[in-house]
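A.B. asks: Here is what each chain is made of, one letter per residue.
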Amino acid sequence: MTAEWPLWEVFIRSQHGLAHKHVGSVHAADAGMAIRNARDVYTRRNEGVSIWVARSGDIHASSPGERGPLFEPSNDKVYRHPTFFPMPEEVKHL
Amino acid sequence: MYAQMVETGVARVQDVSEMSPEERAFQARIDADVKIEPKDDMPEAYRRTLIRQIQQHAHSEIVGMLPEGNWITRAPSLQRKAILMAKVQDEAGHGLYLYCAAETLGISRDRMIEDLHAGKVRYSSIFNYPALAWADIGTIGWLVDGAAIMNQIPLCRCSYGPYARAMIRICKEESFHQRQGFDIMMTLCRGTPEQKAMAQGALERWWWPSLMMFGPPDAQSVHSAQSARWKIKLLSNDELRQRFVDQTVPQAEYLGLRIPDDKLVWNATRGHYDFGEIDWNEFHEVLKGHGPCNRERIGTRIKAWEDGAWVREAALAHARKGAAREPQAA
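Heads up: the protein sequence lines correspond to chains A and B, in order.
Our numbering applies: residue 1 is where the first sequence begins, and numbers increase by one.
Our numbering applies: residue 1001 is where the second sequence begins, and numbers increase by one.
Treat the hints as calculated values from the structure; they're not laboratory data.
A virtual CB, placed ideally from N, CA and C, is assigned to each residue, including glycine.
Wrong hints could be hidden among the right ones.
Stated by the list, open to error - Looking from chain A toward chain B, a few residues come up when the C-beta cut is under 8 Å (computed):
no., residue
1, Ala3
2, Ser25
3, Met33
4, Ala61
5, Ser63
6, Pro64
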């Protein structure tokens, strides 16, 4: 029984000039193999122009249980949205 | 379907009043169509059922490569060969999307493969039938992939985020599979009488096993009811099967092929086709391991896994050596 190849998370930039987006994961012995495997698994139909891979273990995620306290500070700051400020209709370009 | 008769581990579906506050909160999220993501709280039974279902689905994609892979070297033209290779590659990809979705639930890839090889987890009954002629490759794409699409489109809306996202990718690609199958059938049916007879023979072999893919009637099944409650099963087996028959009969008529069922008839009152009894005994025998190809399929998978062991080991050793040689970042 050999050890399992490490798991890598795969991020792909689609052709439309967007940011890299998480698409799934692959197993591979090293980063180069992870990119080649990601190409075969996630871009068989020209879905991307660039691939990032990162060891799954290196990704740190916020905890769903702390969603409340984590995001709460922005909840009461509605003035961060431009719609908070009513503008007179006759004033333009604001 | 690709995942048939998935056990949920529950004896009956709980009433909301019997649920713990956590279970009730979870069910409320499902009812509100909020997707469940890997790190979210979820009942253990939900997690275990999903692992079983996604794993069975993934194994079906992987084992499903075997009947078609057998025909790559014998495809009738270079173009058909290239198309078939692309299709089989897609099936490998689908298996990998699904394994990675299952891994988000905390089961390792190797564990899933061990479970398959040990016979602890099933794959779809359909892949235990042989592909005897070239026309079988057309029929598999047309019927088997057609049945798979029927099942997978509703699963794109299932409650578990990674599974739903894998299904969306798969459905986008699956339509190519069904069309390439129908294209093979059209070519054969417009060909010589021998070619048409080959197409007819393949339809006769695959029709009933394709209907069995949806699984036995499950309107009364507690597992199906629980899975429906969790929104990881969205339509009953019989509903999906009826849709499949209704869409396939006109396609067979177009090809000029006869579906091997004397009881198949349009029922104007129901607005659906009536069809004959399915031999569920055959289905259960195949699931138990007594289908025409069960041993061969698992044998092939185990051999591939064992023969590849040195490659997996060597690649890891190579990666470790490379990492050791790399200058350490400051």
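A.B. asks: Of the numbered hints stated previously, which ones are contradicted by the structure, given in increasing order?
C.D. replies: none
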